[in-house]
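Visitor: Listed below, chain by chain, are the residues.
Number of protein chains: 2
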Amino acid sequence: MKKLVVARNIGFCFGVRRTVEMAERLLSEYGEIYSIGDIVHNPLVMERLKSKGLQVVRTPEEIEGERFIVRSHGIGTGTLDCIQKKGVEVIDATCPSVKKIQSLIKKLDNQKYFIIIIGDKKHPEVIGLKEYGKNTLVFGSRDFSKKVKGLEKAAVIGQTTLSFEEYTKRVRRLTSLPLAREVVIYNTICKVTGERQKEAREISKVVDVVFVLGGRNSSNTAKLYETAGRYNRNVFYIERMKDIEGFSLSGVDSIGIISGTSTSDDFISEVKEYIKKIGYREVQYNDKRTGCRKNA
Amino acid sequence: MKKLVVARNIGFCFGVRRTVEMAERLLSEYGEIYSIGDIVHNPLVMERLKSKGLQVVRTPEEIEGERFIVRSHGIGTGTLDCIQKKGVEVIDATCPSVKKIQSLIKKLDNQKYFIIIIGDKKHPEVIGLKEYGKNTLVFGSRDFSKKVKGLEKAAVIGQTTLSFEEYTKRVRRLTSLPLAREVVIYNTICKVTGERQKEAREISKVVDVVFVLGGRNSSNTAKLYETAGRYNRNVFYIERMKDIEGFSLSGVDSIGIISGTSTSDDFISEVKEYIKKIGYREVQYNDKRTGCRKNA
Chain E
1279 MKKLVVARNI GFCFGVRRTV EMAERLLSEY GEIYSIGDIV HNPLVMERLK SKGLQVVRTP
1339 EEIEGERFIV RSHGIGTGTL DCIQKKGVEV IDATCPSVKK IQSLIKKLDN QKYFIIIIGD
1399 KKHPEVIGLK EYGKNTLVFG SRDFSKKVKG LEKAAVIGQT TLSFEEYTKR VRRLTSLPLA
1459 REVVIYNTIC KVTGERQKEA REISKVVDVV FVLGGRNSSN TAKLYETAGR YNRNVFYIER
1519 MKDIEGFSLS GVDSIGIISG TSTSDDFISE VKEYIKKIGY REVQYNDKRT GCRKNA
Chain U
1279 MKKLVVARNI GFCFGVRRTV EMAERLLSEY GEIYSIGDIV HNPLVMERLK SKGLQVVRTP
1339 EEIEGERFIV RSHGIGTGTL DCIQKKGVEV IDATCPSVKK IQSLIKKLDN QKYFIIIIGD
1399 KKHPEVIGLK EYGKNTLVFG SRDFSKKVKG LEKAAVIGQT TLSFEEYTKR VRRLTSLPLA
1459 REVVIYNTIC KVTGERQKEA REISKVVDVV FVLGGRNSSN TAKLYETAGR YNRNVFYIER
1519 MKDIEGFSLS GVDSIGIISG TSTSDDFISE VKEYIKKIGY REVQYNDKRT GCRKNA
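Going down the list, the protein sequences come from chains E and U.
Every number in this note's numbering is 1278 more than the matching position in the first sequence, counting from 1.
Every number in this note's numbering is 1278 more than the matching position in the second sequence, counting from 1.
Because the hints were derived from the structure by calculation, they are not lab data.
It is possible that part of the hints are untrue.
[Unchecked claim] Result set (DSSO-like, lysine-lysine): computed pairs, CA atoms no more than 27 angstroms apart in a straight line: (1) U:1501 <-> U:1431; (2) U:1476 <-> E:1427; (3) E:1425 <-> U:1447; (4) U:1425 <-> E:1447; (5) U:1408 <-> E:1425; (6) E:1469 <-> U:1431; (7) U:1378 <-> E:1469; (8) E:1390 <-> U:1425; (9) U:1412 <-> U:1476; (10) E:1447 <-> U:1377; (11) U:1424 <-> E:1385; (12) U:1501 <-> E:1385; (13) E:1431 <-> U:1555; (14) U:1424 <-> E:1427; (15) U:1427 <-> E:1378; (16) U:1400 <-> E:1431; (17) E:1469 <-> U:1427; (18) E:1431 <-> U:1408.
[Claimed, not checked] Derived contacts from chain E toward chain U, CB cut-off under 10 angstroms, selection only: (19) 1380; (20) 1384; (21) 1385; (22) 1388; (23) 1434; (24) 1450; (25) 1452; (26) 1456; (27) 1462; (28) 1465; (29) 1556; (30) 1557; (31) 1561; (32) 1563.
[Unchecked claim] Where chain E lies over chain U, by a calculated footprint (3+ residues, C-beta under 8 angstroms): (33) 1288-1301; (34) 1489-1498.
Beta carbons are placed, not taken as given, at the ideal position from N, Cα and C, and that holds for glycine.
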């Protein structure tokens, strides 16, 4: 029997679902709303929201409407001030986990900590976080070692969508520098991301082909893709239906599907339906009926 | 010219000097005073203090006098209570750097941190520190990983006499475990130890023979011995004059001397005089006249 193994943790995470639902409610109420950058990193979801009236701009200057939605990744305090000064109403759809880190940075900043952020310096979450403290620095920035030399108190926080392994790997690299007299390391990695990583690993070991559903511009989806690739040679991004429709599945006995946190349930259902229609039976990973075992 | 290169940082450190001076003052005043274990890790110093009336015992039960001195490495709260309940007067000669860590552990304990101590579990400093918090554990103890799993808040502190490199190495090993949501790492390594380590490294590179003056039972002296041995094949412990008097120095052009923090200035002077008498000229490391250079 041909099998379709579906991850347990799939589709929108809590934070993304909340952001998308808020956007949809606002759009149905007001017809138009602005955001800086994509509010979630998924082209399909963004297309749908744009068709309903979401205006995506790059800078506060480009906002020409009355209402602004803060994306799931959060926004810097400087940019926020700028928007509010224009008289634009701001609706905050920041992911609660990111929101928590922003408050943590503020608190640490008041306590005179120098804040080191581990993450991708070009990711909107990190760009936003940097503005919540006066002394913040992304690990790996230019002259990093010089800038953190002789500190009294340093705090380390991580971008929510890093894998826990990656975060600790970088923390280990960081702690090899002569750092501060006091270093506090917060584990700010989102648990949801970790669970998906784990499933990506497990499923990739037991199937012939892995489909990673989600945007290539989504950090956590990209990391699932990478992880799956370590255990399986046949791993493919599926951003849209056409990516899978052109795919030859002859000789493929088992397919695994996993997704990033910004991939909608609708898209997942559509993909699943397509695969089932061509002869695969859906089994959930970890379900006793799957017969999925390591080394199987 | 035959050279004797003397380390800049040599002899008692501030903490040890304070402990020994306190002990001497008390002995000259009262004639007898008790301690549990050696108050400093140096056999020569201990012999002198014992000859003046210091009574070294192993447990509170063995104290038969009226006064007790707390050794430089500090003492656990349990043992302290025990001694005070006997009606014995306690004079605290704990090294101020160790004292600071004891207070830090107490504070962290009140804030519900689980405290991880990096150090030698058999060293009196570590044995003492453990008693200042309810939840303390020495890194590397049996079932360590199991016991620290799923913690909320963990604090890491190090035995003062570790080298900074050794401390960070173990911190890196520690941070590879799935630890707490919040981990605060304190750099409690005594700076004096670090400076001596650095000198041990530099001097060992440029001399024919290295003499490490101090007790083999002194943790920081042992670490200087280890460090020197990494850069020089001719490294020797000198605990007493007889260790050096039997030594053949034919063909030796340069001698380096370094010492742990519990080695007395008197002993160092005696060793220096001996070496100078047999034809070596004293030069201080880093003094321009030494001509000591790396790769020299």
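Visitor: Does each hint hold? Answer for all of them.
Guide: Results for each hint:
no. : hint              : result
1   : U:1501 <-> U:1431 : 31 angstroms, violated
2   : U:1476 <-> E:1427 : 18 angstroms, holds
3   : E:1425 <-> U:1447 : 22 angstroms, holds
4   : U:1425 <-> E:1447 : 22 angstroms, holds
5   : U:1408 <-> E:1425 : 35 angstroms, violated
6   : E:1469 <-> U:1431 : 17 angstroms, holds
7   : U:1378 <-> E:1469 : 37 angstroms, violated
8   : E:1390 <-> U:1425 : 32 angstroms, violated
9   : U:1412 <-> U:1476 : 36 angstroms, violated
10  : E:1447 <-> U:1377 : 34 angstroms, violated
11  : U:1424 <-> E:1385 : 32 angstroms, violated
12  : U:1501 <-> E:1385 : 40 angstroms, violated
13  : E:1431 <-> U:1555 : 50 angstroms, violated
14  : U:1424 <-> E:1427 : 34 angstroms, violated
15  : U:1427 <-> E:1378 : 23 angstroms, holds
16  : U:1400 <-> E:1431 : 30 angstroms, violated
17  : E:1469 <-> U:1427 : 16 angstroms, holds
18  : E:1431 <-> U:1408 : 24 angstroms, holds
19  : 1380              : 17 angstroms, violated
20  : 1384              : 16 angstroms, violated
21  : 1385              : 12 angstroms, violated
22  : 1388              : 17 angstroms, violated
23  : 1434              : 9 angstroms, holds
24  : 1450              : 5 angstroms, holds
25  : 1452              : 9 angstroms, holds
26  : 1456              : 7 angstroms, holds
27  : 1462              : 4 angstroms, holds
28  : 1465              : 5 angstroms, holds
29  : 1556              : 41 angstroms, violated
30  : 1557              : 41 angstroms, violated
31  : 1561              : 30 angstroms, violated
32  : 1563              : 22 angstroms, violated
33  : 1288-1301         : violated (count 0)
34  : 1489-1498         : violated (count 0)
Hints 1, 5, 7, 8, 9, 10, 11, 12, 13, 14, 16, 19, 20, 21, 22, 29, 30, 31, 32, 33, 34 from the list above are not met by this structure, while the remaining hints are.
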